[in-house]
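Below, each chain spelled out in residue letters.
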Amino acid sequence: MSTKGIVVTGIGIISPFGIGKDCFWNGLKTGKSCIKEITCFDVTDLKSKKAAMVPDYRPEDYDDSFRFCRASKSSQFTLIAADMAIKDAGLKLDRVSPHKIGIFIGSGHCALECTEKFYSVLLEKGTTLTNPLLFQQTVSNAPASEISIKYGIKGPSYVITSGNASGGLAISVAILNLKKGYIDIAIAGGVDTHFKLIHEAFMHLRHLSPKDGGEEICRPFDKKRNGIICGEGVGLIVIETIEHAIKRDAKILAEIVGDGASYDSLKASPHSKERSIAFAMMEAIKEAGLNKDEIEYIVSTANSSKELDAAESKAIKDLFGTRAYHIPASSIKSMIGETYGSSGVFNAISTIYTLNEGTIPPTINYENPDLFCDLNYVPNHPINKEIRYALVNSSSFSVNNSSILLKRYEN
Amino acid sequence: MRRNRVVITGIGLLTSVARDINAFSVALKNGISGIKKITTFDVSQFAFQEAGIIDNFSCKDFSPFDRVSLFALEAVNQAIKDAMLEGMEIEKEKAGAVIGTNCGGIGSLENLLYFYENNEWDKITPRLVKEFLFHRIVENIKQQYDLRGPISTVSIACASGANAIGYAIDLIRYGKADLMIAGAADIVTIFTFSGFYSLRSIARDKCRPFDKNRSGLVLGEGAGILVLESMEHALKRDARIYGEVVGYGLSNDAFHATKPDRSGAGLSRAMRFALKDAGIRPEDIDYINVHGTGTPDNDVMECNAIKLTFGDYAYKLPISSIKPITGHTLGAAGVIELIACLLAIRDNFIPPTINYETPDPECDLDIVPNFARDAYLNTVMSTSPGFAGSNGAVIVRRF
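Which chain is which? The protein sequence lines are S and Y, in order. Going by my numbering, 309 is the number at position 312 of the first sequence; the sequence numbering is gapless. Going by my numbering, 932 is the number at position 37 of the second sequence; the sequence numbering is gapless.
Bear in mind the hints are in silico, worked out from the structure with no lab data behind them. The reader is advised that the hints may include incorrect statements.
Computed list of lysine-lysine pairs in DSBU-like fashion (alpha-carbon distance at most 30 Å, straight line) [stated by the list, open to error]:
id, chain 1, residue 1, chain 2, residue 2
1, S, 283, Y, 1071
2, S, 122, S, 176
3, Y, 987, S, 283
4, S, 114, S, 208
5, S, 29, S, 404
6, S, 404, Y, 1171
7, Y, 1071, S, 122
8, Y, 1107, S, 122
9, S, 283, S, 84
10, Y, 1211, Y, 1154
11, S, 303, S, 89
12, Y, 1211, Y, 931
13, Y, 1154, S, 283
14, S, 208, Y, 989
15, S, 44, S, 193
16, S, 46, Y, 931
17, Y, 1071, S, 314
18, S, 89, Y, 1171
19, S, 311, Y, 1018
A short list of chain S residues far from chain Y (calculated; beta carbon distances all over 12 Å) [said to hold, decoys possible]:
id, residue
20, 15
21, 35
22, 85
23, 105
24, 119
25, 151
26, 153
27, 170
28, 240
29, 261
30, 291
31, 371
32, 380
33, 385
34, 404
Keep in mind that this is a model prediction, so the values were computed, not measured. All C-beta atoms in this analysis are idealised placements derived from N, C-alpha and C, irrespective of residue type, glycine included.
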């Protein structure tokens, strides 16, 4: 099944750079880091103290209604992003069938923040005195449901939860549903927030920098990389068939021409991850009916972890041969951290800008070359280059890999 | 666009009332309920203390896994045996799994949070941190059976099961996989019990769907798993076929965060999407296994949705709810109920809605009260209107 004829027409985003797409892109293209010491919860006794949090977020600045303020932070984020995406796409909801719009949300932690709050009330006040308003927020589909209620969107909704590949997978499911012809428009993307429980849990799993006791820094592909730094945010894109977009005279931001996915074999050899990442990229290229020589840029999924960065580098080498050393492959996670559910869609949004503006954001904090990571990572400074085709990679620590192929839209 | 037909070749399930499909069929036919006093956690504070719990369940092979994974693995194991896939050469890259769940590894999460609230990180093992993640269930299955095709987890409240089946059939229809393990699992813990209690959704005495005196739902736990294959793949290996999944539909109420839209418009849309997907007329449906939770709003909403979808035919169409038999198994409900549909087709009967005493004029459809009915069924629908207004419907047909 070909992915041809699917286009992106709107963007809604809250990132560690702040609210909106402009600050996101301005930050990325100037190589600015958003990673700072955490202030919204106490990190005094923790070895890992940093994250890329959304700055100065106050729900009442957007909507002071009780309904909005009592919603979970991920629901609030999703609602704000949906609003931006719908406006950006110029969607007139009264002129399209509400039954033909689908909502596809990827989230790694779903409503965990609310589940934790609910449970702490349960422990504190007793099992018969828990809070119903909090309980209704603990279902994973709360953000999708909030969007559907606010905008009267009545088509299908999916909530995919597969670690940090969730957002990329949600976009894939949206593409599948558009291709089937069930829907005309999809609002798709991912969301995750960062909070104390997750911070400590990841530290406990030894995912977080500084694993080696050194400097706490996110430096994908660098020899001294020592674990990830988390981020948070939401990214939603409006995607639709090209016919539909042209019919409603929408501004087209980019074309999605290929969509590849692969799944690691947990039982096979230690090289399983690199093989799967290469497979997902190849599938996307094949689906687009392209030659792999036409790929000019790869937005990497590397997040400063020892294994994933090396596996992705190896995958690029295995797939592209000697050309691998010339294809720019940069990781925006060096600036915004591993944003989990939203990381895949952040990569996609960044790529849309790269295609349209010809600027490739850098991999910052890159100093020490690593024998296993020796590609062109666009170190520390952005470069200008005209790009027509780019691969957007998104892999989870565990089993899921997705690769989406974007094409610059030429009228 | 060409699409592959999808058939069901294996079933596995675990419920409070039965731990394999044949026992489940007997329980459905005889209207036996698995609802009993909860012994797996402390409910002494509550007036009503029952649920469809699975007690005395142990699984030595997988002991470090969360209970929800154990349930799912047990059902997967049954389904794979049932489909006679053991020792069969299949292309692993074209075999995957999609699991739906509402609460995931909530048992592990509760343990973790308990230690966390008491600041006892030394008692929290890395395993515990991993087991509570939603996608852990499917990863445990993947690892066990070395599946290398599409792997995914969907979590969309009570429609999780229907959603997982729908996603899996699309993956097969459009050639991304030949064989999918698809299903759902959920467990009952103090978290869900206390949560539904706080929403005042739990029944005062019994789960009695469509009864005038119904007062709420009774929770249950369990897992239901189907082996789905492309028809071509199943015929080539000469597999026994339970039925064909001919269509599914999903929709959003766009109405309210907890309450269903009593008009039934949202669920009706999912039903119509499913009929359209299957390419059949409403009159082709012989029986609907409804969600029928026994809450005052849900049951009226469902009757209205059926009337909206089927018109006059609604009054001739038998519908029933097996919630009083299994309890409301949340995310797993959609799949366990689809299994009930498949057994109804196989064993030529319609499962009853038990505990029914007093008719409700607002629920005036043929709900097959209290006793099973003999029937030769061809095409059957299972509906799952979910919490927060996410609805699903799946249609299966005799093969």
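For each hint, the structure was consulted:
1. 283/S <-> 1071/Y: Measuring from Cα to Cα gives roughly 14 Å; hence the hint holds.
2. 122/S <-> 176/S: The hint is violated at about 50 Å.
3. 987/Y <-> 283/S: The hint holds at about 20 Å.
4. 114/S <-> 208/S: Given that 30 Å is the threshold and the Cα spacing comes to 29 Å, the pair holds.
5. 29/S <-> 404/S: holds, 26 Å
6. 404/S <-> 1171/Y: Not OK: residue 404/S and residue 1171/Y at ~34 Å, beyond 30 Å, violated.
7. 1071/Y <-> 122/S: With a Cα-Cα distance of about 49 Å, the restraint between residue 1071/Y and residue 122/S is violated, given a limit of 30 Å.
8. 1107/Y <-> 122/S: Given that 30 Å is the threshold and the Cα spacing comes to 34 Å, the pair is violated.
9. 283/S <-> 84/S: Violated: residue 283/S and residue 84/S sit about 34 Å apart, past 30 Å.
10. 1211/Y <-> 1154/Y: holds, 28 Å
11. 303/S <-> 89/S: Judged against 30 Å, a Cα distance of about 46 Å means the pair is violated.
12. 1211/Y <-> 931/Y: violated, 34 Å
13. 1154/Y <-> 283/S: violated, 46 Å
14. 208/S <-> 989/Y: Since the Cα atoms of residue 208/S and residue 989/Y sit roughly 37 Å apart, the hinted pair is violated (cutoff 30 Å).
15. 44/S <-> 193/S: Holds. Residue 44/S to residue 193/S sits at ~13 Å (cutoff 30 Å).
16. 46/S <-> 931/Y: violated, 48 Å
17. 1071/Y <-> 314/S: With a Cα-Cα distance of about 26 Å, the restraint between residue 1071/Y and residue 314/S holds, given a limit of 30 Å.
18. 89/S <-> 1171/Y: holds, 26 Å
19. 311/S <-> 1018/Y: violated, 38 Å
20. 15: Non-interface label stands for residue 15/S: nearest chain Y Cβ at 28 Å, farther than 12 Å.
21. 35: holds, 17 Å
22. 85: holds, 21 Å
23. 105: violated, 8 Å
24. 119: violated, 6 Å
25. 151: Violated, because the least Cβ-Cβ distance between residue 151/S and chain Y comes to about 5 Å, which does not exceed 12 Å.
26. 153: For residue 153/S, whose nearest Cβ neighbour in chain Y is about 3 Å away, the distance does not exceed 12 Å, so it is violated.
27. 170: Residue 170/S is in fact no farther than 12 Å from some Cβ atom of chain Y, at 7 Å.
28. 240: holds, 15 Å
29. 261: violated, 8 Å
30. 291: For residue 291/S, whose nearest Cβ neighbour in chain Y is about 24 Å away, the distance exceeds 12 Å, so it holds.
31. 371: holds, 29 Å
32. 380: holds, 36 Å
33. 385: holds, 27 Å
34. 404: holds, 21 Å
In this structure, the earlier hints numbered 2, 6, 7, 8, 9, 11, 12, 13, 14, 16, 19, 23, 24, 25, 26, 27 and 29 are contradicted, and the remaining ones agree with it.
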